[in-house]
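I would like the entire structure built from these sequences, with the hints used as guidance.
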Amino acid sequence: MALLEVNNLVTKFKTDAGDVQAVRGVSFKLEPKEALGIVGESGSGKSQMMYSIIGLLADNGVVESGDVMFDGEDISIKNFKNKREYNDFMRKIRGNSMAMIFQDPMTFLNPVLKVETQLIEPMLNHGNMSKEEAKKRAIELMKLVGIPSPEKRIKQYPFEFSGGMRQRIIIAIALANNPKLIIADEPTTALDVTIQAQVLELIEDLKDKSDSAIIMITHDLGVVAKLCDRIAIMYGGKIVEIGTDRDIFHDPKHPYTEGLLQCISNPENDDEQDLTPIAGSPPDLLNPPKGCPFVDRCTKAMKVCKDYEPPVSTIKEGHQCACWLLDERAVKK
Amino acid sequence: MSENKVILSVRNLKTYFDVTKGIFSPRQIVKAVDDVSFDIMENETFGLVGESGCGKTTLGRTIVKLYEPESGSIIFEGKDIAKMKGKELTAFRKDMQMIFQDPYASLNPRMTVGEIIKEPMIIHNIYDNDKDREDRVVELLKIVGLKPDHIRRYPAEFSGGQRQRVGIARALAVNPKFIVCDEPISALDVSIQAQVVNLLKDIQKEMGLSYLFVAHDLSMVKHISDRIGVMYLGQMVELGPANDVYHRPLHPYTTALLSAIPIPDPDVAKKKQRIVLEGEVPSPINPPKGCPFCTRCPKATERCHKERPVPIEVGTRKVACHLYEK
Numbered sequence: 378m379a380l381l382e383v384n385n386l387v388t389k390f391k392t393d394a395g396d397v398q399a400v401r402g403v404s405f406k407l408e409p410k411e412a413l414g415i416v417g418e419s420g421s422g423k424s425q426m427m428y429s430i431i432g433l434l435a436d437n438g439v440v441e442s443g444d445v446m447f448d449g450e451d452i453s454i455k456n457f458k459n460k461r462e463y464n465d466f467m468r469k470i471r472g473n474s475m476a477m478i479f480q481d482p483m484t485f486l487n488p489v490l491k492v493e494t495q496l497i498e499p500m501l502n503h504g505n506m507s508k509e510e511a512k513k514r515a516i517e518l519m520k521l522v523g524i525p526s527p528e529k530r531i532k533q534y535p536f537e538f539s540g541g542m543r544q545r546i547i548i549a550i551a552l553a554n555n556p557k558l559i560i561a562d563e564p565t566t567a568l569d570v571t572i573q574a575q576v577l578e579l580i581e582d583l584k585d586k587s588d589s590a591i592i593m594i595t596h597d598l599g600v601v602a603k604l605c606d607r608i609a610i611m612y613g614g615k616i617v618e619i620g621t622d623r624d625i626f627h628d629p630k631h632p633y634t635e636g637l638l639q640c641i642s643n644p645e646n647d648d649e650q651d652l653t654p655i656a657g658s659p660p661d662l663l664n665p666p667k668g669c670p671f672v673d674r675c676t677k678a679m680k681v682c683k684d685y686e687p688p689v690s691t692i693k694e695g696h697q698c699a700c701w702l703l704d705e706r707a708v709k710k
Numbered sequence: 008m009s010e011n012k013v014i015l016s017v018r019n020l021k022t023y024f025d026v027t028k029g030i031f032s033p034r035q036i037v038k039a040v041d042d043v044s045f046d047i048m049e050n051e052t053f054g055l056v057g058e059s060g061c062g063k064t065t066l067g068r069t070i071v072k073l074y075e076p077e078s079g080s081i082i083f084e085g086k087d088i089a090k091m092k093g094k095e096l097t098a099f100r101k102d103m104q105m106i107f108q109d110p111y112a113s114l115n116p117r118m119t120v121g122e123i124i125k126e127p128m129i130i131h132n133i134y135d136n137d138k139d140r141e142d143r144v145v146e147l148l149k150i151v152g153l154k155p156d157h158i159r160r161y162p163a164e165f166s167g168g169q170r171q172r173v174g175i176a177r178a179l180a181v182n183p184k185f186i187v188c189d190e191p192i193s194a195l196d197v198s199i200q201a202q203v204v205n206l207l208k209d210i211q212k213e214m215g216l217s218y219l220f221v222a223h224d225l226s227m228v229k230h231i232s233d234r235i236g237v238m239y240l241g242q243m244v245e246l247g248p249a250n251d252v253y254h255r256p257l258h259p260y261t262t263a264l265l266s267a268i269p270i271p272d273p274d275v276a277k278k279k280q281r282i283v284l285e286g287e288v289p290s291p292i293n294p295p296k297g298c299p300f301c302t303r304c305p306k307a308t309e310r311c312h313k314e315r316p317v318p319i320e321v322g323t324r325k326v327a328c329h330l331y332e333k
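First to last, the sequence lines map onto chains A and B.
Be aware that the first sequence starts at 378, since it is given in my numbering, and climbs by one per residue.
Be aware that the second sequence starts at 8, since it is given in my numbering, and climbs by one per residue.
Since the hints were made in silico from the structure, they are not lab data.
Keep in mind that a hint or two might mislead.
[Said to hold, decoys possible] Straight-line C-alpha distance at most 27 Å; calculated DSS-like pairs for lysine-lysine: (1) A:693 to B:277; (2) A:677 to B:12; (3) B:154 to A:683; (4) A:410 to B:278; (5) A:586 to A:469; (6) A:584 to B:279; (7) B:277 to A:406; (8) B:277 to A:410; (9) B:278 to A:584; (10) B:279 to A:586; (11) A:520 to B:277; (12) A:683 to A:391; (13) B:279 to A:410; (14) B:208 to B:28; (15) B:12 to B:72; (16) B:278 to A:630; (17) B:278 to A:586; (18) A:630 to B:277; (19) B:279 to A:520; (20) B:94 to B:184; (21) B:21 to B:184; (22) A:557 to A:469; (23) A:584 to A:410; (24) A:586 to B:277; (25) B:277 to A:584; (26) A:406 to A:557; (27) A:667 to B:154; (28) B:21 to B:94; (29) B:208 to B:101.
[Unchecked claim] Between beta-carbon pairs, the in silico distance windows are: (30) B:155 to A:489: 50 to 56 Å; (31) B:159 to A:451: 50 to 56 Å; (32) B:323 to A:494: 52 to 58 Å.
For each residue, glycine too, the CB sits at the ideal point set by N, CA and C.
Structure follows, in structure tokens:
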């Protein structure tokens, strides 16, 4: 059974200028222990999709429709009487069987509380642990994420830690209750390259050691290539392609995925090949295009792409792509 | 590129900041740039890489004299700009322009795109009437890939990539010979980054510009640069042709930095053995006594902790490391 199953999720934001259609019908499945990467540019809806799933949308955000099944339970908002009931329910899940790692290690931690207090909080709130047990486990967690002399450092405040160390603490907090799913939203974006390497190494190591599944939201293809088993590419509020890491990197089917791979430079290659940028900019989700979201920037766009949404084609088991070029009715060259 | 003339020559440049808190505290000095020397040729792109706090941005800003250097010289076309002041400095700025990191903060939101691009022309008295200036703005907008009718619009109406194009047009307005690009692409999305990098390359070819390209994204720097300088804690630890530095890094820090880049290919990335550096960059207020990298270097010897290495030439490169001294 899939650990997380999302079906046709639609999220809108009410703004003065109209409804921003941030997530426009997203479906995917995540197996236990799997690492899924969600890649997209800013405004592609990748973060808002996850926030819709874990119930952390901003006040003006509304989940219009969609089903979310987590660990055999239906956690879609429409199943609850009101928002309050939903929030109470989600609060029990978050930080327990579902944990989050956020982008900015500088603002996530509470600056006036000791690291220890912040580490044991999820254990006391969710678990049946006594304070003493929780403190013991907190030190174990600090060791696990590679913080030297944890007995001493656990009594310190966040400002006494560097960016990389803070991100380790946040990871330790996420791991506190042995979650089934960890959602990491750009966990290394705010860090320097050598510190990023340390944190990625840690996440990779924990992936092998723990039983948690990971969803990694990022814009960095290098990061997902290293960590993820499967990758979903998001564009204009939709998943345009999903497949294994090799499917996406070696056999991309969607013109956007292809374009994205062509406009990053791989330092392993030496040829003075020019980067091929994708012309234009992403669609405005206040007025999203009727057909394929990528139509205005696609070099292979056809007439049908403009007016009709592309159907999802299955290339092989687990590799799916929403593009008219793959439809059986398309002209094959 | 070898027969090219040197356009900019930096010698023993030092930029210090006084960060002493209050008059009774001991004096505290951040040595942001500490004794850096290098040359940039005509038509060349010189990439400057390093982690945050290594002084790469300070170095870039000192070269255009946004910061006053503590000592050392910056020879641009035979003149030392480190000592320039007043009118002379203003005149020099016509030849050297800067493109900034944040396209949201570096454009005045109350000025139209036309006014923004026109401003440097007015300051440097490039045309004597507004009509000519306007024509030039239209020309520049076309060069950077924007439309002539964008001239009356405000920055808020543009996306990040488009704003960066406006920033580039403004830098080009005075026909400079040299542009300092301070992380011009790091605030942009991947698909837009490539657009801006290609634009910078095209402009360079067309106008014969030299660039100092400051960035922390190592793969992009390798792509755009002819030569690369690697900085650590205010010092240039390695300098050489881009491909050489990438494939045969000499300094232990360069080696570690390169192995930390995530490679966008699952087959390579999952097998790759990283050299993961222990610890973090030391504070520039109290840098290590010897080599700046000795606290994290896997190959450090006793000598590294005591004596600061001097850059020496190894083949095509300059390396500041005791390992390569004979």
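Handout entry: Structure-inconsistent hints, enumerated in ascending order
Key = 2 and 14
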